[in-house]
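Chains W and S, in that order, are what the protein sequence lines are. Be aware that the first sequence starts at 42, since it is given in this note's numbering, and climbs by one per residue. Be aware that the second sequence starts at 42, since it is given in this note's numbering, and climbs by one per residue.
You may find that some hints are simply not true.
As the list makes no split between identical chains, a pair holds if one copy fits it or if it spans any two.
[Claimed, not checked] With a Cα cut of at most 25 Å, we get these calculated SDA-like pairs of lysine to any residue:
(1) Lys175 <-> Pro123
(2) Lys205 <-> Tyr106
(3) Lys175 <-> Ile103
(4) Lys205 <-> Ile191
(5) Lys195 <-> Tyr106
(6) Lys166 <-> Pro127
(7) Lys95 <-> Thr61
(8) Lys95 <-> Gln112
(9) Lys209 <-> Thr61
(10) Lys175 <-> Ala160
(11) Lys209 <-> Asp167
(12) Lys209 <-> Ala101
(13) Lys175 <-> Tyr157
(14) Lys175 <-> Met164
(15) Lys175 <-> Pro127
(16) Lys175 <-> Gly158
(17) Lys209 <-> Arg98
(18) Lys205 <-> Ala160
(19) Lys166 <-> Glu188
(20) Lys175 <-> Ala80
(21) Lys175 <-> Glu60
No lab work stands behind these hints, which were simulated from the structure alone.
There are 2 protein chains.
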Amino acid sequence: MDTIEAIRSRRSIRSYRSETVPDDILEQILEAGRWAPSANNSQPWTFIVVRDQKVRRDLANIATYGRFLAQAPAVIAVAIDPDASPHAVEDGAAATQNMLLAARALGLGSCWIGAYGSAYEGMAKDILAIPGRKRLLSLISLGYPSESPIETRKGLGEIVFHDKYGQK
Amino acid sequence: MDTIEAIRSRRSIRSYRSETVPDDILEQILEAGRWAPSANNSQPWTFIVVRDQKVRRDLANIATYGRFLAQAPAVIAVAIDPDASPHAVEDGAAATQNMLLAARALGLGSCWIGAYGSAYEGMAKDILAIPGRKRLLSLISLGYPSESPIETRKGLGEIVFHDKYGQK
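All chains should be built: construct the whole structure from the sequences, respecting the hints.
Here is the structure:
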């Protein structure tokens, strides 16, 4: 799929068909995460592929906005090492966004669940056995979509300035 | 350009030819930023398009790793509003990554300069007149590339676990 089309048509998908995500598709998604940019090419990320149903259920049970994690056939957790990069949060977010776009291009639906700094983070870290200083940035649910939600965005006129903030 | 190819072939480009970036190309890049996902669709971002040479020079002069900002024909600054989203940093990073990928797909080179939380951020905020509570997340330099740098990444075997952290 064309890059601009993938960016423009990606939606947060929270409802999935029951088919599993093939290994080769999952690997292409992880590859997309691997090639994200990071500060000084530090690559401060670890990707945990969660297929085990009990682990997905445990993650879903503690997630106010992530009950659908139990139904998603696969989940990727993005952990980051804040000691490895001064911009570990941005780096992990770039890897997450690459994986969402790759998922879209490969026909999968996905949803980004923000964990970093939330009440959810510590509990999810325990479930995933993420060690002390590492942080959980995000969870990405993955599956073949069974919904086509509509999303809207502010127009460019509302969010773009020229040369200085406030200058139209 | 194909999505996976754009993700896989994007490099940090710090050297540019002198041609300007056409307005319609720049608009497609901003569109890509606009369509990024954000927590609760809060869209906590503002994009400042910097073409003015004095502003680019001022930004370059204070940037240890960003001297090339003076030579890039265009720069996009991504400001975020931490009061608008609990995940404003991740949201702004997703928008930044979308714009880097769109630039690659449209034949442009770009480089992400991390500003958030650095010594550079406050000085750059002053130059760009970004108001008090707003934060400067990143600067994106843009131009037609005059270099083809090689980048490497860790293999998936080093960064992927299954079901729990540490489990191969």
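Which hints, by number, does the structure contradict? 4, 19, 21
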